[in-house]
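Hey, can you work out the whole structure from these sequences and the hints?
Chains A and B supply the protein sequences, listed in that same order. The first sequence begins at 6 in the working numbering and counts up one residue at a time. The second sequence begins at 27 in the working numbering and counts up one residue at a time.
The reader is advised that the hints may include incorrect statements.
[What the hints assert, rightly or not] Facing chain B, from chain A, some residues (calculated, C-beta under 8 Å):
#1 62
#2 183
#3 185
[Said to hold, decoys possible] Calculated from the model, a selection of chain A residues having no Cβ within reach of chain B, i.e. all distances over 12 Å:
#4 40
#5 74
#6 135
Hint data in this document are derived by calculation from the structure and do not stem from the laboratory. Using N, Cα and C, we set each Cβ at its ideal position, and we do this for glycine too.
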Amino acid sequence: MRRIDAISIIAQEGESQGALLVGNIGYPSRELWAVGDRRSNFYMLGSMGLASSIGLGLGLARPDRRVVAIDGDGSILMNLGSLATIADQSPNNFLLVILDNGCYGSTGCQPTCTDRRADLARIAEGAGVSEVRVAATPEELRAGLAGRGVLVVKVEAGNAEVPVIPLSPEEILRRFMAISAPPSPSS
Amino acid sequence: MNNLTPSEAVYRGMKGAGIDFVASVPCVHLQGLLALVASDPEISSVPVTREEEGVGICAGAYLGGKTPALLMQNSGLGNSINALASLNGLYGIPLLLIISHRGGEGETISGQVPMGRLTPKLLEALEIPKFIPSVSEVETVVALAWEVARTRRTPAAVLLDIGFWSSLPLSPGKDALFFGP
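So this is what it looks like as structure tokens:
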């Protein structure tokens, strides 16, 4: 499965779930924008490693909303403590999807540690995440997207030919928060 | 508000600012404040593994409509710099930083000295407004710091050094110092 095809499925399922989506830095956010931009997508443009943390904070702040964060193997390896915090907090409304292509895809596909030995699903289990699934096919991905906790998706290395997202950071924030934190009628 | 301990005074400032979401990495000086926060049902409290992770979680909480604060030792500022710049700074996401500032007068741990000395300069380089209140000022200053963060769409830091935490309740303090960019 190509990564952009996995992202397309996540976007479709996210739309049908009414989910808030957090897209990872680099090509994954660009691919998420390309398969179907929605105002309820937060495109993370900097801060590599923090997609899972942003998603967790959002999920804790909005327990009434479904939140799905799209991370990568290189990114989660940079913030493995996040898996322990996700396990510790264990929000019912939050799913972390890790798209594992075994390399730093946005910088020339230098291999990550998952390319040989590191097993992110077992790391997540060891961190205490109670629901951990692995998907390698579109069917397994769709099934896994109904769950919570952590979903590790094996995808092919390589980036789709997609443009840079033509939105300013301020615009991404403003339109996302109009949905994720609408002003209360009293304020 | 007589006889407030330093921790209670900071906590009252956080309540006055409307802080309802806290991520934290502990410092020995923050233990009283962390206990107050953890026992407050109006505040979601998230212990994190690393300060940078806390910056991300607080940003997500802000996206969800919360008023977030990160409680940490100043060593954690060094662990958070990229996120403070390329997440909060990039998008204009506010954050209140309550920082136990180690390494200054009264410090007994040599390992605290290098980052203690660099902390104000790092905040200046990051263009993060910083406030250095006494115990008698801190309740007002914490609320002010959040107001600066919210209106300027930036992190804002309250630095609380060893002398602050060892202050007697409401001892006469020095004037509040504010160095903004």
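Results of checking the hints against the structure:
no.	hint	verdict
1	62	3 Å, holds
2	183	11 Å, violated
3	185	5 Å, holds
4	40	22 Å, holds
5	74	9 Å, violated
6	135	18 Å, holds
The earlier numbered hints that this structure contradicts are 2, 5.
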